[in-house]
Amino acid sequence: MVDGDISVSIGDLNVYYGDFHAIKHVSVDIKARDITAFIGPSGSGKSTVLRAVDRMNELIPGARTMGGVVIDGRNIYEPDVDVVELRKRVGMVFQRANPFPMSVFDNVAYGLRIHGTASSKELGAHVERSLRAAALWDEVKDKLRQSAFALSGGQQQRLCIARVLAVGPEILLMDEPASALDPISTLRIEDLMRDLAKQYTIITVTHNMQQAARVSTYTGFFLSGELIEFGRSDKIFTKPEDKRTEDYITGRFG
Amino acid sequence: MVAAASMAARNRPQAEDLRLPVHGTARMNNRTRELIAFTFLRLSALIVVLPIALIICLLVIQGAPALSLKFLFSYPSEGMRAGGIFPAIVGTIYLVLGTIVFAVPLGVMAAVYLSEYARPNALTRLIRLSIVNLAGVPSIVYGLFGFGIFVLLLGFGVSLLAGSLTLALLVLPVVIVAAEEALLSVPQTFREASLALGATKWQTIRRVVLPNALPGVITGVVLAIARAAGETAPILFTVAAFYLPRLPRSIFDQAMALPYHLFIMSTQVPNAPPGIQWGTALALLIIVLGMNLIAAVIRARFRRRRPW
Amino acid sequence: MAGDRRKITDAVMEAVIRFSGITTIVFVVLIFVLLLRNGLPVFRYTSVPKFLFGRDWLPLSGVFGILPLILGSLLVTAGAVVIAVPLGVAVAVYIAEVAPPRVKEFLKPIVETLAAIPSVVIGFIGLLVLAPVVQRLFSLPTGLTAFTGSVVLALMALPTITSIAEDAITAVPRDYRAASLALGATRWQTIRMAVVPAARSGIFSGAMLGIGRVIGETMAVLMVTGNAAVVPTTIFEPVRTMTATIAAEMGETVQYSPHYFALFAIGLVLFVITFAINLLADLAVRRSMASR
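Protein chains in written order, with the numbering used here: chain X, 1 to 254; chain Y, 1 to 308; chain D, 1 to 292.
No wet-lab data here; the hints were simulated from the structure. Note that the structure is predicted; figures quoted are calculated from it, not measured. Misleading hints may appear alongside valid ones.
Said to hold, decoys possible - Only pairs whose alpha carbons sit at most 35 Å apart, straight line, appear in this in silico DSBU-like list of lysine-lysine:
#1 D/K7 x X/K24
#2 X/K198 x Y/K201
#3 Y/K201 x X/K24
#4 D/K7 x X/K198
#5 X/K121 x Y/K201
From just these sequences and the hints, can you work out the full model?
Below is the structure:
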C-alpha cells in the first residue's frame, strides 16, 4: 500500500440499536499509514463508527448495520465475509486496558496461538518483536512469566497494543487508548502511536482535543451520530468550516 | 403509627382535641411491643438452631465409637448384623463418579449455552423454566423415571449405569446453576478483547471464559457430588442392592450404597446393632457435609482471589 | 487450512452447546411422557374419579383409590407448613433485620448445613429419637405418625423458606426503612408494617418452594409416618404419603401389572402437583421483580 492511498472507505454507514438510529449516513475515507482522529462529545457516535470498522458492534444485541465499509476493495458487511479474518487485519485497542488473566508472554502469544501463526519455537521471537514494537520490551523482558496484572496501567495498555500487533494487522483502531492513564503514560502512548503510524493505518477516538491536535493528521468531528466535518487536523483545529465544530473546539459544549 | 401521630402532635402547640393517649405512654407501649417481638424472633432462631445442633451432636456421639478403620473397610457379616460398610462406601463412590461423568459435561455445556449463546427469547425462558422444574421434581419420581427408562426401556437393568444416569439427571440443575453463575462472572471485556483479536467464539470460550470460570464450576461439581452421595429414593429401584458378597465389577452390576444401607439397616433389618446404624449415618454425614464444606471454601476463595 | 479447521470446530461446538441447552427441555418432557405412558394404563382397571377419590388403597386386591395417600401427603404437608412457614419467616426476619453481624455469620451457615443433611439421615434421627418422644409425650400406641412426619419435614423445609425469605427481605430498599424510622416508628413497626409487606412475593415464593420440597420428600416420611394407607382422622395417627407409597411398594410389584401402572400414576400426580407449585412460585418471584 502506497502512502496517500485510501485504507478504509466508509460509505453511507447507518447503525441502529433496536429502533434508535445511532449513526446517520456517515461517509469518510481513511488514509493509509496515517493517524485519523474522531472527536466529538459523549454519545456522538464516534466509538460506534470506530467499532463498525471491525464489526465489533455485532456483539451488542439488537444492533444493525447498513451501508458499507470497504477495505481492500471489499465491503466487510457482505454476507460471505469472514469476520474472524477481518479482525486479524483490523486490530482494536480498548479504552480500559484489558489484558487477559494470564502471563505477559501468554497475553501476547494469545493471538498467535489462536491463528496458529507460529510454532511453539517461533512464539518467543514473535512475542519479543511485538513487545519491542509496542515500546514495552525493555520493561517486561524479565517479567514475561508474571501475571499481566502486575504491570502498571500504562504498561498494561501497551501490552494490549503488543497483543494486537502480534496478530499482524494493517489497521489499528484505538478507542480512547489513553483516557484512563496518567499524563506521562498518555504521552508515551502518543509517541508510540506516531511510531506505529509509519507502518499501520490508525484510527483513534479521543475526547482529548489537544491529543487529537498533537497526534493526528486528519480529524473528523461527530455530533449526534453524524459526521459534521472532516479534514486535515491543522485546518480543523484552527479554521473549522462548520460553526458546530468551532463551538466544540472552543469548548462551548461537550 | 400511633407514635408517629403523637410525635407530630408534639410539634404542633395545640393538642386538646386530638384524643390521643399521652405521648409518653404511647412510646412505651411500642417499645415494649418491640421488645416482645424481638424476643420471639430470637427465640425462633434458637428453636431452629437447637435441633440442628442436636442432630449433629447425636450422630457424632453415637456414631463415632463405631467408626473404626475395621468398620470402614470390612464387609457386612452375619446377615448384616455385624461387620462393616466397605461395599456401601465403594458403591457410593462408583455412583458418584458415574453421576459426575454424565452430569458435568452436559451441565457445563448447557450453562455455556445460557451464558454465551442464549438470547432473551421464549426458548431461553422455556429452558430456564425447565431447569427450575427439573430442580423441583420429587426424588422418587426421578427413581420412577430411571426405572422406567434406564432399567426397563433401554435394558440396562438394575445397575450402576442406570443409577448413575438417574442421579445425573437429578443433580443436573445444580451443575447448570453453579456453572452459569461462574461463567457470567467473567467480565465481558475479556470476551471482547479475544474476539477483536480474531478468535472464534469457541476459542474465546475455551481459552478465556471457561478457565476463568473454573473455580465456580468446580464448586457446582462438588455440590453435585454431595447431593448424589446422599440421595436414596432415586437409587431404590435403579441400582441399590441389599447385600452383595463382592464389589461391583462392571457398570451393569448392582451396587450397595451408603444411604440405602442406612435405610435398610434402620427399617428392614430386625435387631440391627445401633452402633452399625449410627456409624453408617455418621459416615454418610461426614462425606456429604465434608463436600459442602469444600464447596463453600472454594467459593469463598474464588470470590476473594479474583485476579481482575 | 488452519483457518478452516477452526471454523469447523467452532460450528461443531456451537451445535453441541445449543443441543445441551435444549436437553433440559427434552428431559422434562421425557419424564412427563414416561409417567403418562406407564401411568395411564391404570385407567383400564379403574376410572379417574375412583382413582383420585377412592378411599381404599388395596393394591393387592386391585383396588386403587389414592385418596388416603393424597390426604396423607396433605396432612403431613399442612402440619409441616404450619410449623415451618412462621418459624422460617421469623428466622429470616431475625437474620435480616435484628441479628448482630457476628450472630448472622454463624447462624446462616448453620441453617445451610441443615439443608445439606441427607433426608435418610434426618429420617433416621426422626425414627430413633423423635418418634419415641412423640409416643411418650402424647401417649400414643406408636410414635410413627403424621405429626412426627410434619415435624421432620418442617425441619427440612426450613432452610429453603428461610433463605428465600431472607433474600427477599434484604432486597427491600433501604429507603423504605429510612422513611418509616424517620416518621418515628420503632424498628419492629418498620419491619412489621413496611419491610415484610414489601417482601411479600419473595416470602410467598419461598413458602411455595418449601411446600414443593415437602410434598416431594420421600425417605424421611417413609421412615417416620408409619405405614397405614388409610384416611387419617387425627394428626397423631400413622399415615401414608404418595411418595412413601411409591418407594415402599415399587420393589414388590410385577412389571406392567395394574399395581405397577398405579404407582406410576401416583408419580404422575406428584409431578403435576410439584410442576404447578414451581410455576406459581416462579410467577410470584417474577411479579415481585417486575413491581420493583
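Status of the hints after comparison with the structure:
1. D/K7 x X/K24: Holds: D/K7 and X/K24 sit about 34 Å apart, inside 35 Å.
2. X/K198 x Y/K201: holds, 32 Å
3. Y/K201 x X/K24: Judged against 35 Å, a Cα distance of about 30 Å means the pair holds.
4. D/K7 x X/K198: Holds. D/K7 to X/K198 sits at ~33 Å (cutoff 35 Å).
5. X/K121 x Y/K201: Roughly 26 Å between the alpha carbons, so the hint for X/K121 and Y/K201 holds.
The structure shown violates none of the earlier numbered hints.
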